[in-house]
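There are 2 protein chains.
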Amino acid sequence: MTIAEIAKLAGVSKACVSRYLNHGYVSEEKKRKIQTVIDATGYVPSRQAQILRTGKSRLVGVILPKINSESIGGMVAGISSALGDRGFGILLANTENNVEKELRYLELFQQGQVEGVIFLGTLLTPRHRQILQNYPVPVVVLSQQVDYLSCVYNNDHDAAREITRELLDSGRKHVGYIGVTNRDRAVGAARRAGFLEALRERGIEIADEHMIVTGFTLEDGNAAAQQLFERAPKVDAVFCATDTLAVGAMQYIKGVGKRIPEDVAIVGVGHSRMTEIVSPRLTTVHLFYEDGGAEAAKMLLQILESGIDMKKQLKLGYEIIRQDSL
Amino acid sequence: MTIAEIAKLAGVSKACVSRYLNHGYVSEEKKRKIQTVIDATGYVPSRQAQILRTGKSRLVGVILPKINSESIGGMVAGISSALGDRGFGILLANTENNVEKELRYLELFQQGQVEGVIFLGTLLTPRHRQILQNYPVPVVVLSQQVDYLSCVYNNDHDAAREITRELLDSGRKHVGYIGVTNRDRAVGAARRAGFLEALRERGIEIADEHMIVTGFTLEDGNAAAQQLFERAPKVDAVFCATDTLAVGAMQYIKGVGKRIPEDVAIVGVGHSRMTEIVSPRLTTVHLFYEDGGAEAAKMLLQILESGIDMKKQLKLGYEIIRQDSL
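Chains as they are written, first to last, in this note's numbering: chain A, 1 to 326; chain B, 1 to 326.
For chains that are exact copies, the list does not tell them apart, and a pair is met inside one copy or across any two.
Below are the EDC-like pairs computed for lysine to aspartate or glutamate, each with C-alpha atoms no more than 20 Å apart in a straight line:
1) Lys66 with Glu290
2) Lys254 with Asp324
3) Lys254 with Glu276
4) Lys298 with Glu96
5) Lys66 with Asp291
6) Lys101 with Asp85
7) Lys66 with Asp85
8) Lys315 with Glu295
It is worth saying that the hints were derived from the structure and are not from the lab.
Okay, chain A solo, but in the shape it has when bound (with noise of 0.2 Å):
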């Protein structure tokens, strides 16, 4: 069965039956004229062929820092379902958070075999911004904002200013901050900028060595919950950058008999499926992350078919989750 033994079927060009193929712009009768004949012969199009034909891969390349993260989970299951739609596939780079890796994949990738990248980052050093700008295919990047490229991001600023807001009207004033390096803009830089804001709006102060700067485990979190309050045992508010961080400080404070909200009020960043099983409940702020990946895949479909990328920058937004940790 050929395209043009389709096309003479249906009463349809064969440019026509191609465009069906190929996901473009047919008519709805022309559309059902072409499904009733391949569905009554059981025509499945070669793919191989299909890239011959097209020079086209139909494949998006896909690189992320982990795969087995809740929010990394969300964001590519957006990406699949979307591009899925489309007939696309993903060609999946896992870089295990090693940057040699991340910039060695962004070369494989340049090498034909993918029709266009997204790209979450978490650290964007000056050598990824000289590889990406020179891209010969189309990259989006995801959950960082990057003014030389179309990206979709988490309001992470505005999202970290609210929950803080709320820690603060619970009328708390001996406020601690775990959080991450300022490296990774998105959950380091932008939700501390954040936080700071709330307090200055609220005239309140704090010491440098109540801001707790760990990694992006559990572990980290208990371990920085203990130097926050062997520095500082009268903390009564801690901001957690992630919702992990939070359970894990969770785990510390209570591990020391202090109680949740009564002696400590805490928030975390996220919405993970865990803060609605942590005990008390953790008050935190939602972040759209399956929305966010098929963003994403949209806005790089819009710039393979249109053939422009006018580099627009999608903020995405956010919900304050009122449970039980305030």
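Since the structure of chain A is provided, determine the placement of chain B on it from the hints.
Leaving out everything else, chain B in the frame of chain A:
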């Protein structure tokens, strides 16, 4: 820079450079020589050129039912790490729990874009069998046992039996069961059989209506617990086929004012992160998801290298995790 030039500079044969670039056997000494030349000249093999030269894509298709799940995320991390070590990439197919999509991806991957497939199956129908038995590239099934293909799977039966023995060791007699459909042979049928075997050993009976079959979510676990306790208010021990179901059931049990473990003991299977976070911490069985993924990838690579598929079946181990829920 061509392979011939690298060979000349390194003082080795072209075939040797080619084997090196394709991760075939090369002596340590020659490896060093070739790598020195590559480092000095910055040679990057074009992937497209490589595919044309070798006829091999160096890609493995990974078909999975969803991506944003902790256990599947762990398996993919293991697959990705083992394949990455050997220069293979992952072409990801997320079927969103849709059997039709699963079959469509299996058909798509026959068309030469991947060298092999790792298939994370949940429900394996006769149509799966029909496609998989005549598959043109090697397939390894992960997390389900099948006798007609190479596979890597958890010892679901014995893991469920052992954790049920632990549950019964607490002296409880009124046992309830929350699990999933038997059409999922691993999580459904095998865990159910292991549970029932432990009951038989102790001469404990369970009425059919105290065995609830539900879906896979927290909400399913919560609703199933409600159904169970409405039918059997005296139940003092609950086996759940997954940690997620157990945590959902715990929410219900705590919500109606019963104490865990004083009034009701409960166990799960899987040792997910949330079992450490929930209060009380859930007693469960550790399953080796990440190792399982790595083993499946290594099994596939061995088949690709040797050209022989011995249809090996690798059954993984398990480990009882005693926490605070019984």
